[in-house]
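**Student:** Residue numbers (full-length UniProt numbering), protein chains in the order written: chain A, 1 to 206; chain B, 1 to 206.
Hints listed in this document are in silico derivations from the structure and should not be mistaken for laboratory results.
You may find that some hints are simply not true.
[As the list claims (entries may be wrong)] Covered stretches of chain A (chain B as the covering partner; in silico rule of three or more C-beta atoms under 8 Å from a C-beta of chain B):
id: 1; stretch: 56 to 63
id: 2; stretch: 163 to 176
[Claimed, not checked] Estimated spans, in silico, between C-beta atoms of each pair:
id: 3; chain 1: B; residue 1: Glu48; chain 2: A; residue 2: Gln184; range: 52 to 58 Å
id: 4; chain 1: A; residue 1: Glu104; chain 2: B; residue 2: Asp53; range: 32 to 38 Å
id: 5; chain 1: A; residue 1: Glu29; chain 2: B; residue 2: Lys199; range: 54 to 60 Å
id: 6; chain 1: A; residue 1: Asn79; chain 2: B; residue 2: Ser30; range: 22 to 28 Å
id: 7; chain 1: B; residue 1: Glu4; chain 2: A; residue 2: Gly20; range: 39 to 45 Å
id: 8; chain 1: B; residue 1: Arg64; chain 2: A; residue 2: Lys198; range: 40 to 46 Å
id: 9; chain 1: A; residue 1: Glu69; chain 2: B; residue 2: Gln68; range: 18 to 24 Å
id: 10; chain 1: B; residue 1: Tyr77; chain 2: A; residue 2: Lys198; range: 16 to 22 Å
id: 11; chain 1: B; residue 1: Asn79; chain 2: A; residue 2: Arg154; range: 30 to 36 Å
id: 12; chain 1: B; residue 1: Ser142; chain 2: A; residue 2: Glu69; range: 35 to 41 Å
id: 13; chain 1: B; residue 1: Arg64; chain 2: A; residue 2: His174; range: 56 to 62 Å
id: 14; chain 1: B; residue 1: Ser30; chain 2: A; residue 2: Asp161; range: 44 to 50 Å
[What the hints assert, rightly or not] No more than 27 Å apart at the CA atoms, straight line, and that leaves these computed lysine-lysine pairs for DSSO-like:
id: 15; chain 1: A; residue 1: Lys151; chain 2: A; residue 2: Lys44
id: 16; chain 1: A; residue 1: Lys195; chain 2: B; residue 2: Lys151
id: 17; chain 1: A; residue 1: Lys19; chain 2: B; residue 2: Lys155
id: 18; chain 1: B; residue 1: Lys112; chain 2: A; residue 2: Lys112
id: 19; chain 1: B; residue 1: Lys155; chain 2: A; residue 2: Lys180
id: 20; chain 1: B; residue 1: Lys180; chain 2: B; residue 2: Lys151
id: 21; chain 1: A; residue 1: Lys151; chain 2: B; residue 2: Lys189
id: 22; chain 1: B; residue 1: Lys195; chain 2: A; residue 2: Lys151
id: 23; chain 1: A; residue 1: Lys195; chain 2: B; residue 2: Lys155
id: 24; chain 1: A; residue 1: Lys76; chain 2: A; residue 2: Lys180
id: 25; chain 1: A; residue 1: Lys189; chain 2: A; residue 2: Lys199
id: 26; chain 1: B; residue 1: Lys57; chain 2: A; residue 2: Lys195
What you are looking at is a predicted structure, and each value in this text was computed from that prediction instead of being measured.
Even for Gly, the Cβ is constructed at its ideal location relative to N, Cα and C.
There are 2 protein chains.
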Amino acid sequence: MVAEKGILFILSGPSGVGKGTVRKRLFEESTELQYSISMTTRQKRPGEVDGVDYFYKSNEEFERLIEQEQLLEYAKYVNNYYGTPREYVEETLEKGLDVFLEIEVQGALQVKENFPQGVFIFLFPPSLVELKNRIVNRGTESQELVLNRLKEARKEIEMMDAYDYVVVNDDVDHAVAKVKSIIQSEHLKRVRVAKQYKKILEDEIH
Amino acid sequence: MVAEKGILFILSGPSGVGKGTVRKRLFEESTELQYSISMTTRQKRPGEVDGVDYFYKSNEEFERLIEQEQLLEYAKYVNNYYGTPREYVEETLEKGLDVFLEIEVQGALQVKENFPQGVFIFLFPPSLVELKNRIVNRGTESQELVLNRLKEARKEIEMMDAYDYVVVNDDVDHAVAKVKSIIQSEHLKRVRVAKQYKKILEDEIH
């Protein structure tokens, strides 16, 4: 295949949906994905390596990078910053490697704003599918219970509006297979591939 | 999964690229795809069944359907019309089944105009990839030969501009696997899925 830039994939979804499990299984099966390395101001712990576990920065350095828009997203937990460095992601993509970022919904929305060319995958709890079955088999649940669940479902559905794909996590194997098909097919998109082919023509004919 | 309409997939590409072989293998492996049944004015042959091999129509009927824009594409060969009936495709999609159409480039461009919501896959000859390798290993080919090949390649690349995906047919198994990943991931697109989820909410809350 013609050389091509990598793609940034963002896996996100409501807390408790199983993002970490899906990401872990995916990395066991796919050796070509690069995991995005975060940047932090927290103290390096024994055994951790700079540029492997995290990129370690001082508070001043981190805040300067925020000002320079060098973070695709960041947040502060317990007085420490955590974030995704734009430079590391862009350099990895330039090498033709895909970067995979597993992140909470708020972080994903920040990435969407700073890097809209990423591919955003929403991992969805299977409960709405169950809910639908419950509605179909009416009478087995109280109306109040169904209405409460519908309110929650509405929130989850509104969250997915910023995403490109939705994968229901009803089973880890199924969810991983679906994420893999998204990764493969995104590389087959004409807008990406045609650009590369056209570049060969331009380089040679002019 | 929540009930969803089917998707029309169109596989096309330059003649000789191997569309028929890829389609045949795909249908051996995927039982869920419906092959699009064409409409024709040619005589029914012994053993053929109306609505299975073709929909057989008189010349007058076919021309009336053309006027009524009831064909996604059509062409005339040796005094007979051949075309893809819109009604059959739409009814099949409504049942939640995907329709798969293998077709020449000119027909695909007609379908694109009449049914832009289809997913258009361009099967690409592997020769441009070989061409690139030749350019990299310069000196093994005459400059004239490479320039001629580049002219042809330009035509092929311009053809793919109307398509959503490009699959290089360097190997039937690889090409089929890629088409399958496109089919799977298209069903995971948020624009399709979210609509279905939102419908459940509307049906229930209002």
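**Student:** Each of the hints needs a verdict: does it hold here or not?
**Tutor:** Going through the hints against the structure:
1. 56 to 63: Coverage by chain B is violated for the stretch 56 to 63 of chain A (0 residues, Cβ < 8 Å).
2. 163 to 176: holds (count 6)
3. B/Glu48 x A/Gln184: 52 to 58 Å: violated (38 Å)
4. A/Glu104 x B/Asp53: 32 to 38 Å: Cβ of A/Glu104 to Cβ of B/Asp53: about 55 Å, so the range 32 to 38 Å is violated.
5. A/Glu29 x B/Lys199: 54 to 60 Å: The hint (54 to 60 Å, Cβ to Cβ) is violated, given that A/Glu29 and B/Lys199 are roughly 34 Å apart.
6. A/Asn79 x B/Ser30: 22 to 28 Å: violated (54 Å)
7. B/Glu4 x A/Gly20: 39 to 45 Å: violated (28 Å)
8. B/Arg64 x A/Lys198: 40 to 46 Å: Holds - the Cβ-Cβ distance for B/Arg64 and A/Lys198, about 43 Å, lies within 40 to 46 Å.
9. A/Glu69 x B/Gln68: 18 to 24 Å: About 56 Å separates the Cβ atoms of A/Glu69 and B/Gln68, which means 18 to 24 Å is violated.
10. B/Tyr77 x A/Lys198: 16 to 22 Å: violated (33 Å)
11. B/Asn79 x A/Arg154: 30 to 36 Å: violated (59 Å)
12. B/Ser142 x A/Glu69: 35 to 41 Å: Roughly 51 Å apart at Cβ, these two residues miss the hinted range, so it is violated.
13. B/Arg64 x A/His174: 56 to 62 Å: Violated, at about 47 Å.
14. B/Ser30 x A/Asp161: 44 to 50 Å: violated (31 Å)
15. A/Lys151 x A/Lys44: Status violated; Cα separation ~42 Å.
16. A/Lys195 x B/Lys151: At roughly 17 Å apart (the allowed maximum being 27 Å), B/Lys151 and A/Lys195 satisfy the hint.
17. A/Lys19 x B/Lys155: Violated, at about 44 Å.
18. B/Lys112 x A/Lys112: Violated: B/Lys112 and A/Lys112 sit about 30 Å apart, past 27 Å.
19. B/Lys155 x A/Lys180: violated (32 Å)
20. B/Lys180 x B/Lys151: violated (31 Å)
21. A/Lys151 x B/Lys189: holds (23 Å)
22. B/Lys195 x A/Lys151: It holds: about 17 Å lies between the C-alpha atoms, which stays within 27 Å.
23. A/Lys195 x B/Lys155: holds (14 Å)
24. A/Lys76 x A/Lys180: With a Cα-Cα distance of about 32 Å, the restraint between A/Lys76 and A/Lys180 is violated, given a limit of 27 Å.
25. A/Lys189 x A/Lys199: Distance ~16 Å between A/Lys189 and A/Lys199 Cα, so the pair holds.
26. B/Lys57 x A/Lys195: violated (44 Å)
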